[in-house]
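Student: Residue numbers (my numbering), protein chains in the order written: chain W, 7 to 115; chain S, 625 to 739.
These are calculated hints, taken from the structure and not from any lab test.
Please read all numbers here as calculations on a predicted model, not as lab measurements.
Please note: incorrect hints may appear among the correct ones.
[As the list claims (entries may be wrong)] Going by beta-carbon spacing under 8 Å, a handful of chain W positions derived as facing chain S:
# : residue
1 : V10
2 : P14
3 : F78
4 : Q101
5 : G106
Beta carbons are placed, not taken as given, at the ideal position from N, Cα and C, and that holds for glycine.
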Amino acid sequence: EDQVTQSPEALRLQEGESSSLNCSYTVSGLRGLFWYRQDPGKGPEFLFTLYSAGEEKEKERLKATLTKKESFLHITAPKPEDSATYLCAGTGGYQKVTFGTGTKLQVIP
Amino acid sequence: DGGITQSPKYLFRKEGQNVTLSCEQNLNHDAMYWYRQDPGQGLRLIYYSQIVNDFQKGDIAEGYSVSREKKESFPLTVTSAQKNPTAFYLCASSLTGAAFENGYTFGSGTRLTVV
Chain W
7 EDQVTQSPEA
17 LRLQEGESSS
27 LNCSYTVSGL
37 RGLFWYRQDP
47 GKGPEFLFTL
57 YSAGEEKEKE
67 RLKATLTKKE
77 SFLHITAPKP
87 EDSATYLCAG
97 TGGYQKVTFG
107 TGTKLQVIP
Chain S
625 DGGITQSPKY
635 LFRKEGQNVT
645 LSCEQNLNHD
655 AMYWYRQDPG
665 QGLRLIYYSQ
675 IVNDFQKGDI
685 AEGYSVSREK
695 KESFPLTVTS
705 AQKNPTAFYL
715 CASSLTGAAF
725 ENGYTFGSGT
735 RLTVV
């Protein structure tokens, strides 16, 4: 059975304090690894898709990386507006997408 | 501005009542999905549709029903057979049925509460 595990469950950072969120996965025949951002009471917002080990993608203060067992979302010099829950999901193809439970990030001014 | 519209934002259901959640997209996406989100759990797939007039059960379809009569619309009915319907419901779409190619676009969700 496919599994996606995110850690930590919650993370509190001072503004400007860089850190990383972890996503460990066991997804048979991984075709794509997704990162989403979700604000309270809203739907997830797409951030990145990673397709193969060694791939990296960046968007503003966020950088996502992928190995054969894990993905990391690196947050550089975060701002309070980066506060949200970050979701990771893996798919082995088509409709079989497995989501993690998320990391709730709080950035304190 | 393209996107997915879910309504209502909040919905209250009495015991034994069926309720329908609306989902409309103007992205011209082929595939549409319904997910359920509960605290401390990952999103779970209820139903999906890759083409008009066709849909498939996901992991937790019991107590739910859907229709796909138009490309733009994918309503979800929560029936009285669903014993624990209180949750946050998310509708999503993807350009094709291969979500790994494009990822999902999500709506803003409907919070359903049993009263």
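Student: Evaluate each hint against the coordinates.
Tutor: Right, here's what the structure says about each hint:
Proximity of V10 of chain W to chain S holds as hinted, the smallest CB-CB distance being about 7 Å (cut-off 8 Å). For P14 of chain W, the interface hint is violated, since its Cβ never comes within 8 Å of a Cβ in chain S; the closest pair sits about 14 Å apart. Taking 8 Å as the C-beta cut-off, the interface hint given for F78 of chain W is violated, the closest approach to chain S being about 18 Å. About 5 Å separates the beta-carbon of Q101 of chain W from the nearest beta-carbon of chain S, less than 8 Å, and the hint is met.
The closest approach between the C-beta of G106 of chain W and any C-beta of chain S is roughly 6 Å, which is under the 8 Å cut-off, so the hint is satisfied.
Checked against the numbered hints above, the structure violates hints 2, 3; every other hint is satisfied.
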